[in-house]
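K.L.:
Residue numbers (the numbering used here), protein chains in the order written: chain A, 1 to 158; chain B, 1 to 494; chain C, 1 to 322.
Hints in this document: simulated from the structure, not taken from any laboratory.
Glycine included, C-beta positions come from ideal geometry on N, C-alpha and C.
Check before you lean on any hint, since a few could be wrong.
To be verified - Pairs of lysine-lysine, DSS-like flavour, derived with a Cα cap of 27 Å:
hint, chain 1, residue 1, chain 2, residue 2
1, A, K99, C, K87
2, C, K316, C, K87
3, A, K155, C, K61
4, C, K283, C, K61
Said to hold, decoys possible - Listing some non-contacts, in silico: residues in chain A with all C-beta distances to chain C over 10 Å:
hint, residue
5, G9
6, G26
7, P35
8, A137
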Amino acid sequence: MNTKQTIAGAGLAIGLGLIAIASVIGFDTMQMQVPPSYARVGPQIFPYIIAIGLAATGAHIAWKSYRGGDEVIDEVEPTDWKSVGIIVAGLIAHMNLLKPLGFVPAGVILFLSVAFAFGSRRYGRDAIVGFLLVLLAYVGFTYGLGLQLPPGILKGLL
Amino acid sequence: MDSFLALMNGFATALTPINLMWSLVGVTLGTLIGILPGIGPALTIALLLPVTRNLDPTGAFIMFAGLYYGAMYGSSTTSILLNTPGESGSIMTAVEGNVMAKQGRGAAALSTAAIGSFVAGTLGTLALTFLAPIFVKLALLFGPAEYFSLMIMAFTTVSALLGASISRGVAALLLGLAFGLVGTDILTGQPRLVFGYPSLLRGIDIVVVAVGLFAVGEALFMASQSSLRTAEILPIKGSLFMTREEWRRSWKPWLRGTALGFPFGALPAGGTEIPTFLSYFLEKKLTKHPEEFGRGAIEGVAGPEAANNAAVAGVLVPLLALGLPTSATAAILLAAFEQYNLQPGPLLFSGSSTLVWGLIASLYIGNVMLLVLNLPLVGLWVRLLSIPQPLLYGGILVFSTLGVYSLSNSTFDLLLLFIVGIIGFLMRRHEFPVAPCIIGLILGPLAEAQFRRALSISQGDPSVFVTHPLSAVLLALAAAVIIVPIILRRVKHV
Amino acid sequence: MKRRHVFVSLFAMALATGCFGMAAPALALDDLRIIAPAKPGGGWDQTARSLSEVMAAMGAKGGTVENVPGAGGTVGLAQLIDQEKGKGNVLMVNGLVMMGAILTNKSPVTLDMTTPIARLTGEYEVIVVPAASELKTVNDLVAKLKADPGAVAFGGGSAGGTDHILAGLIAKAAGADVAKLNYVPFSGGGEALAAVMGGHVVAGISGYGEWAGQIKSGELRALAISSPERQAGIDIATLKEQGVDVDLANWRAIIAPPGLDDAQKNALLGAVDAAVKSDAWKKVLTEKNWTDLYLPGDDFGKLVAAENARTTEILKGIGLVQ
């Protein structure tokens, strides 16, 4: 019984989410200043069509879920939100630490968070593998190809 | 037969030890960068330009050509094994290829991709050698009206990917179209859906969306399901290489993929992605096993992989014959020609025939090298799958973020990747197909721009789409693709 | 900080007295960084890399090129103004294209917030038609433009870019209604070139170098070049000599962050001056077919102001900018 309610809830949420995206597109498009053009079809027509399409699809999905249809299914096993959260945290940490700490430390943090989320508890192995992999990527791309990866705290060392 | 003699001279140039070495360097480097999303042949050649300035131009171009082909090989490997397309041309490969890999048929998928790429690359190079003038004429026939009709035809391919629920497939397509709206409107220079962020003005890169939906979304989804997380993947089930049955099902898609890919590459606004969509669609329509599509059909790997490699050969037709770059990589190659004070176009063939024919000959050699390098490694590559999942996905995310960051050295792209990754996770969790989203993102902006360009040139007269003969033919084909199956179904029921 | 200033002034003095040679130890610009506000491979990137190589050969330390692409260079401009303020070791490449981008994107950061250093190079634009076109001269084009501006579909680069600005300037000089200009932007040089060669547009506009091969081989007919006088080695009449009073260079320049003191500014001016006058730079110019349009300091600042006024007027006339 509970699962069924969640299913309907998820479908409703997704449908309403699509309608929300459609309204953002519609609203943004209304604000545009349109220069004259010979095309008659300006930069606003396609966004409006897409917004209307999204709103209609969203409404369809929401309505069917509300009516108890199987429009959105969730028959897979229950989601382990903790693991998802750990990777999300790792990605957020990575993008914020990349410039201040540098590519290598930020990369190792991301690697460790993913490994942990996937259930690994062999911290030593993970840290060593992660460090070597990230270091190799950094050195290879910086010196081999001249990419500009942020050195961060290792500036001058590498 | 002039071309034939010139080609033989070209082989004499390309087969010198030093040029063979450059070719080897190119294909190896190309394979490596192809594996990485975001770092493609265009960026690599741009970064190598200053280094190669003092090289002999023939050697440098032989290396660049190897690099271009090699990147396509490398990116199909990661598409199949890791569900992470390295280049946008191998997005379709991931759809069927990764399912095959998870069923223990990764080696077969890799083999059909490698052999298909070889077949397409070689046939494409043959077409480049002998049929270039025809395709040059074809390329110039396409104006904005014709492109728009072509895009409409390409949109029909989405139907092959909609999956079980039409409304979910359409929602994914529309989401991709919405992603494509973000950025500066190309016809008026006005910002759309930018919300005041200057970083959004350049639009959302296809690489960000492809990596976000496939690699990041997949990693989040795998982590969220404890049974998937701990599952052991069997790298090889059955025979290592392709079975007789798999050969039989692959060779026609290779040829059809080549026939689709080559002309598209030669079109100034063609690209490597669209022929892979068309090829996938065509194979799904023609196969005797339609039920296998989405569950690991080998035709769905063989066709698109041939198509993207043939497109690479096609790109070289207008580049060498007209000096007309039709892809980002071709534009950089053009800059490389200019660095050596060479001007591509008809004058190049007469003025620097050693270089041109050496380059074309090196394409044949590069293809052989790639096949020889890749086939024996197939067994080794699939063992990537036996790496414990925590380390494998850790590595995938490290390299995904590396590639996306280096698109424009901006952490803003990492934020976009993160957002798209979350969307990809939700789509996977609720069984929304992700491929239509990518198709929408790629085709939407092209279709819109060509539509408005055509109308601007005709001063607002919409009849151009049907009065231009080529455009009318393409529109009729698109309509047939949709209508014919419906009629057939009706007829069957009656 | 103090020590560095002394160093910088010493360096400026050294320059002023002319004792700057190849063997001279180090430009005081330690850790020189040049921002290219575009992806690797394009004109701005190549300018940045060439300049950095020449300056490094003359003793500047560092000399790294950073690519900050996006939005016609305005993403890089925002970084220069917000994050590099007061730094005497940072340079950024820019050009006429950025001016249009600032206007069309309604960018909050503008060029007058930066420290102008020098215009370096430039490229003139050509107006071409397909070989089979009935238009033989610029006057034919102008007559057609006056009769029905909408019937002359111009193909060229991005909206508000150099090609678009030139189309607007020609229409204005021809006495046609600028607001009725029919300009069709294409993404990337290849697509515009194909549209002209295939006869899908009436005329095309681009930098001369990009289409030089097709002009020489006769697939495109050049009607005019946008230089003030004829260019050596290019057999194309100027707009001016054909009675259309327009000249336009797609210039590339180098600028520095805001908030520099005089010593910092002079050091950068001196270092760039020395680099531009070196043989190595001259070699770069010939190799890349760049026209030398060196114009340093305040004169460059004045040029930017004048170009900005002209660009704003045209883009407003076209309707791209309100």
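K.L.:
Take the hints in turn and mark each one as holding or not.
P.N.:
Now the hints, each set against the structure:
A hinted pair counts as satisfied when its Cα atoms are at most 27 Å apart, and A/K99 with C/K87 qualifies at roughly 19 Å. Annotation: proposed proximity of C/K316 to C/K87 is violated, straight-line Cα distance about 35 Å (limit 27 Å). A threshold of 27 Å between alpha carbons decides the hint, and for A/K155 with C/K61 the separation of about 16 Å falls inside it, so the pair holds. A threshold of 27 Å between alpha carbons decides the hint, and for C/K283 with C/K61 the separation of about 22 Å falls inside it, so the pair holds.
Separation of A/G9 from chain C is adequate, the least Cβ-Cβ distance of about 40 Å exceeding the 10 Å criterion. No beta-carbon of chain C comes within 10 Å of the beta-carbon of A/G26; the shortest separation is about 21 Å. Chain C draws A/P35 into its interface by the beta-carbon criterion, the shortest separation being 4 Å against a cut-off of 10 Å. Separation of A/A137 from chain C is adequate, the least Cβ-Cβ distance of about 19 Å exceeding the 10 Å criterion.
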